[in-house]
Amino acid sequence: MGSTSIEALRLHAGGYILDEWRQLPEGQFVDCGTGAGVLGVLLALELPGSRWCLVDARDRRCEMARRAVVAAGLTERVTVEHALVDEMARGEGRGGFDGAVARSFGPVPELAECALPLLKASGSLVVSVSASTAQHWQRMPLATRMGCEISGGWTTPYGSYLAVTRSGPIPPGVPRRRPARNRSPLG
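Under the numbering used here, the residue at position 110 of the sequence shown is numbered 110, and the numbers go up by one with no gaps.
Hint data in this document are derived by calculation from the structure and do not stem from the laboratory.
Any given hint could turn out to be false.
[As the list claims (entries may be wrong)] Under the rule of at most 20 Å between Cα atoms (straight-line distance), these lysine to aspartate or glutamate pairs were calculated in the EDC-like manner:
1) Lys120 to Glu20
2) Lys120 to Asp19
3) Lys120 to Glu92
4) Lys120 to Glu26
5) Lys120 to Glu87
6) Lys120 to Glu149
Just so you know, these numbers come straight off a predicted model, no measurement behind them.
Sequences are here, hints too, so could you generate the full structure?
So, in structure tokens, the structure goes:
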């Protein structure tokens, strides 16, 4: 967290929330590459009926996220998974979430291919973006390769965000295994 105040983090996290997410009484959400769990925990607090799965590949980060979940009193509706997002998207998580968020996950093509298959029909991935990453998302073959499309972009005083929404079926074979993604990135 560094020197960033909790209030500043809360306001930044609030920018990820789509209006339709507030209408889901028991929405299922995933925080991809959660790290210490700050974003997912703050969003779970902002969306009181929601259920969250915080996913990270590093055990130490998962342990920090678990502590954050306990400290926030969210153990009834927030779980922490020590897993790779792409493995989750090829397994039980595939098509299982109303929404997904990611902050500092990694390269845009990697995030798109690993996280978008987690979405249910009409589910959305919301990411924080810079001007250059927003342009990268715009150039991605989302409709043809992922069954998704960019559904919006917005800026608040606390950050810039972009939403990608599932508009078609999850294509078979995605996400590809890491070597294939490295050889031929999605975008």
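Q: Starting from the hint list further up, note which numbers the structure goes against and sort them upward.
A: none
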